[in-house]
Amino acid sequence: MLLAIDLGLVIEKLILIVVVISASLVIAMYTTFAERKVAAILQDRRGPNRAGPFGLLQPLADGLKLFFKEEIIPNFSNKFLFILGPALAMLTAMMTSAIIPWGNKLELFGREISLQITDVNVGVLYVFGVVSLGVYGIMIGSWASNNKFSLMGGLRAASQIISYELAMGISMIALLMVTGTLSLKEMVVQQQAGYWNIVKQPLGFLIFLICAFAECNRTPFDLPEAENELIGGYHTEYSSMKLGFFLFAEYINMFVSSVIMATLFFGGYDIPFFNEATLSPNIAAILGIVALMAKVVFFIFLFMWVRWTIPRFRYDQLMHLGWRILIPLALFNMLATGASILYFQ
Amino acid sequence: MNLTTLVFILLSVMAIGSAIMMISSKSPVHSVLWLIVVFFAISGHYILLNAQFLAIVNIIVYAGAIMVLFLFVVMLMNLNAETEPVKNYRLQLVGVITGGALLLVLVSAVMKIDVEQLVEMKVGDQGLIKVLGMNLFKNYVVPFEISSVLFLSAMIGAVVIGKKDETANH
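Chains as they are written, first to last, in the working numbering: chain W, 1 to 345; chain H, 1 to 170.
For reference, chain W alone in the conformation it holds in the complex (with noise of 0.2 Å):
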């Protein structure tokens, strides 16, 4: 039988799955008090300090507001087009967590615990599909919305997501000839092993981290919601909880890519210099969380520096940087990379 059912195996997942959930929630609320701290000191400013000690209760404060705030339906939208937008958009910004490894195996009442959703045979194509699925909320959004300007963000959000998932896709591609595998898991066992992939990839790293930029929609390439242009963008008729989700929806998206980043280029929960084999499991499974977890730490504090340093591009910028600069750096970036696996060979 193809589907056969471990019961013991379905609470562990699902255990896990909440967990993870909830965790990339909380991280992402508090990724926007951190947010607003950050573009604080940058500007010479105090940031938000009123709501509980040092302003840490601000999200809450924030989500409260939002939740309370009335609800405009536009009278000419489709109703149910109107409300899938922001779902999907929450729907696919948390998808992808389900393959990240988050950890080594923890040993708990007897049992192996793997800490990963799972390790689909697919592997990275998955976060691939997810994130070629993340521009329909938008995109659905925005026509439902029924407003030019709204229409505008979502077309521009649509040209910009496929133009820099070319760029994306080709330096992966580099990253996967040199790892030999598709599946996450085995990626960070390699590191851990060997060097990490930073060293034999520098330039694929740096056209996926321009390309993660892209594809979350932050400054500079958040022309689809450019304020001077087209008031709010693919999100100017929502209101309330659902102009929430759409925000939050971008936090969500710059943790999970950061973990992708950290997973693939900087060893996931791998401990720099350092054996984890000399620990016993449950402890080095635990280093290893923490480990990956300052390595997040670093990618969205470089996402918030990079919003409140460089200013927004503009459209045939945003087109010429995708199609003329890095695609043929990332093809360039393939094919010296075969060309050295194979001399090396």
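Hints are computed from structural coordinates only; laboratory data are not their basis. C-beta atoms are modelled at their ideal positions from N, C-alpha and C, and glycine is treated no differently. Please note that a few of the clues may not be correct.
Simulated restraints, written as ranges between beta carbons of each label pair [to be verified]: (1) H/25 <-> W/324: 37 to 47 Å; (2) H/139 <-> W/118: 24 to 34 Å; (3) H/96 <-> W/177: 51 to 61 Å.
Got chain W sorted already, so can you dock chain H onto it with the hints?
Using the frame of chain W, we list chain H on its own:
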């Protein structure tokens, strides 16, 4: 009835139902969205056949890229039921005849199905990425290369057509 059969029936109902919705819905945007649902159902079928690579590539290429472009174009053109020209009587008749012929072929194919065994149980690993890659690049490398040259020429053709206006203006 086992779980695999149940999943198969669910996916089939989903695929056929959304295909019918795609044809019958008035708004082109809704048609595109229903077509995306069809692609997801078909990807589910691929997974049932243990062809995970095909399933994910189907989602990346069709649902993730081609349908986004479809949606893009349909949204840009702003097609509505009111502005859509009504097809004349003769064209409708031709449509009915060709559709009827297709239906005849499909029904005759369906008649031959063995209803006792609805789904294949032990499907093997033909669709897994490693087996597929080995097959493509060892046994079928020449057809593979020929089709990629074909794709390349199609791409160049598209770029040439896209550039046409620019040269005409100068």
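Take a look at whether the Cβ-Cβ distance between residue 96 of chain H and residue 177 of chain W falls inside 51 to 61 Å.
-> holds, 53 Å
Distance restraint evaluation - residue 139 of chain H, residue 118 of chain W, Cβ atoms, bounds 24 to 34 Å = holds, 31 Å
At the C-beta level, are residue 25 of chain H and residue 324 of chain W separated by a distance inside 37 to 47 Å?
-> holds, 39 Å
Hint compliance for this structure: no hint is broken.
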